[in-house]
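There are 2 protein chains.
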Amino acid sequence: MRKNFGAKPWVYPQPALMIGTYDENGKPNLMNAAWGGQYGPNTVMLCLSAHKTTDNIKTSGAFTVSFATAETVVPCDYVGIVSANQEPNKMVTAGFSTTKSEFVNAPIINELPLTLECKLLKFNEDGKVIGEIVNVSADESILTDGNVDYKKLDAIIFDPAAAAYIRLGEKVGNAFKDGAKLKS
Amino acid sequence: MRKNFGAKPWVYPQPALMIGTYDENGKPNLMNAAWGGQYGPNTVMLCLSAHKTTDNIKTSGAFTVSFATAETVVPCDYVGIVSANQEPNKMVTAGFSTTKSEFVNAPIINELPLTLECKLLKFNEDGKVIGEIVNVSADESILTDGNVDYKKLDAIIFDPAAAAYIRLGEKVGNAFKDGAKLKS
Numbered sequence: 001m002r003k004n005f006g007a008k009p010w011v012y013p014q015p016a017l018m019i020g021t022y023d024e025n026g027k028p029n030l031m032n033a034a035w036g037g038q039y040g041p042n043t044v045m046l047c048l049s050a051h052k053t054t055d056n057i058k059t060s061g062a063f064t065v066s067f068a069t070a071e072t073v074v075p076c077d078y079v080g081i082v083s084a085n086q087e088p089n090k091m092v093t094a095g096f097s098t099t100k101s102e103f104v105n106a107p108i109i110n111e112l113p114l115t116l117e118c119k120l121l122k123f124n125e126d127g128k129v130i131g132e133i134v135n136v137s138a139d140e141s142i143l144t145d146g147n148v149d150y151k152k153l154d155a156i157i158f159d160p161a162a163a164a165y166i167r168l169g170e171k172v173g174n175a176f177k178d179g180a181k182l183k184s
Numbered sequence: 001m002r003k004n005f006g007a008k009p010w011v012y013p014q015p016a017l018m019i020g021t022y023d024e025n026g027k028p029n030l031m032n033a034a035w036g037g038q039y040g041p042n043t044v045m046l047c048l049s050a051h052k053t054t055d056n057i058k059t060s061g062a063f064t065v066s067f068a069t070a071e072t073v074v075p076c077d078y079v080g081i082v083s084a085n086q087e088p089n090k091m092v093t094a095g096f097s098t099t100k101s102e103f104v105n106a107p108i109i110n111e112l113p114l115t116l117e118c119k120l121l122k123f124n125e126d127g128k129v130i131g132e133i134v135n136v137s138a139d140e141s142i143l144t145d146g147n148v149d150y151k152k153l154d155a156i157i158f159d160p161a162a163a164a165y166i167r168l169g170e171k172v173g174n175a176f177k178d179g180a181k182l183k184s
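These protein sequence lines are chains S and G, in that order.
In this text, residue positions in the first sequence follow the working numbering: the first is 1, and each later residue adds one.
In this text, residue positions in the second sequence follow the working numbering: the first is 1, and each later residue adds one.
Same shape as in the complex, but just chain S:
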């Protein structure tokens, strides 16, 4: 038996995207968004609606996408709840610091170890932000043999049904590619 919930925004799970931008004076801002995803081989889509971040992306033509981690869940949640329009220093209050990306006009958040550095391509016909991933950078602290190690990254996801953050657990393998067999 299935229970019907009606129309709910329950793509499951959702990433905890941390969007970094500069305003027109070069001041960094950071917000938290769960609605977005990989849009193509080198593009991302963000559903942001009206935010300081949206204005900043229009002005600067660029943004970064980092990923909330278990270690940073409190400040990551904080910058998602509080608007820079009300609390201009929310990033510093939250304990984040920034370094300018080498590739785009947007800040890398030093405390968030995996970052997509993106150039704005457009706001599409539905008003979504479409960005080109110009570079991905990862702090060396999350690498094993030169590759991103999800256990070291310790990213969290957003559970839309429970409105909770959850960390990743055990690998269940590449399954079929690893030689697993279908039940006969």
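Hints are computed from structural coordinates only; laboratory data are not their basis.
Keep in mind that this is a model prediction, so the values were computed, not measured.
Each hint should be verified, as a subset may be incorrect.
The list treats identical chains as one, so a pair stands whether inside a single copy or across any two.
Pairs of lysine to aspartate or glutamate residues, derived as EDC-like cross-links and limited to a Cα-Cα distance of at most 20 Å, are as follows [unchecked claim]: (1) K3 x D139; (2) K3 x D149; (3) K171 x D145; (4) K122 x D23; (5) K3 x D145; (6) K171 x D154; (7) K3 x E132; (8) K8 x E87; (9) K122 x D55.
Since the structure of chain S is provided, determine the placement of chain G on it from the hints.
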């Protein structure tokens, strides 16, 4: 120090979306996609390119989005690797069975307990599938007190850097909303 990886499709993590459709003869098909996400309050976006599923969505005007689980990782991976154009019975081979959605012209996969039942709105200007979520249904086996329980669902995510599936782990809370304090 950060390492630069160049342009990589590393939105992290990515959902393991299972797309259910009917072909022009009402035969169900299922594929696996990681590129997509919540597009708006009641809409989803899928980046599918050319697939049997894409043809089916055009014909039927509907699709379902379920989520791969740890228990079903092998058959879910299988239907993502094998095309219905080459292997017309891949769903049955994989061990999946279907029930028609009450709400849209698309199949619910009985073995996948959480499903978004979607009506095609359009292929947007970039060729992405945009669907309206008409209903979300969940098997009672994954509910606790009437709500979706992520531990019972046991959904997996796709790690794009490692090309591996990972299950969810521990809840790290609602953080700030739960009363956590920023470090002073």
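Cα distance capped at 20 Å. Does K171 pair with D145 within a copy, between copies, both, or neither? within (18 Å within a copy, 29 Å between copies)
How would you label the pair K122, D23 (within, between, both, or neither) given a Cα cut-off of 20 Å? Classified as within; 18 Å inside a copy, 34 Å across copies.
Measure nothing new, just compare the shortest in-copy and cross-copy C-alpha distances for K171 and D154 to 20 Å and report within, between, both or neither. Close inside one copy (13 Å) and across copies (12 Å); limit 20 Å.
Tell me, please, which holds for K3 and D149 at an alpha-carbon limit of 20 Å: within, between, both or neither? So K3 and D149 pass the 20 Å test across copies only (13 Å; inside, 38 Å).
Up to 20 Å between alpha-carbons, please classify K3 paired with D145: within, between, both or neither. between (46 Å within a copy, 12 Å between copies)
From the Cα coordinates, with 20 Å as the cut-off, is the pair K3 and E132 best called within, between, both, or neither? Intra 39 Å, inter 19 Å, cutoff 20 Å: inter-copy only.
How would you label the pair K8, E87 (within, between, both, or neither) given a Cα cut-off of 20 Å? neither (31 Å within a copy, 34 Å between copies)
Taking 20 Å as the upper bound on the Cα-Cα distance, should K3 and D139 be classified as within, between, both, or neither? between (44 Å within a copy, 6 Å between copies)
Tell me, please, which holds for K122 and D55 at an alpha-carbon limit of 20 Å: within, between, both or neither? Result: close within a single copy only, 13 Å intra versus 27 Å inter.
When held up to the earlier numbered hints, the structure conflicts with hint 8 and nothing else.
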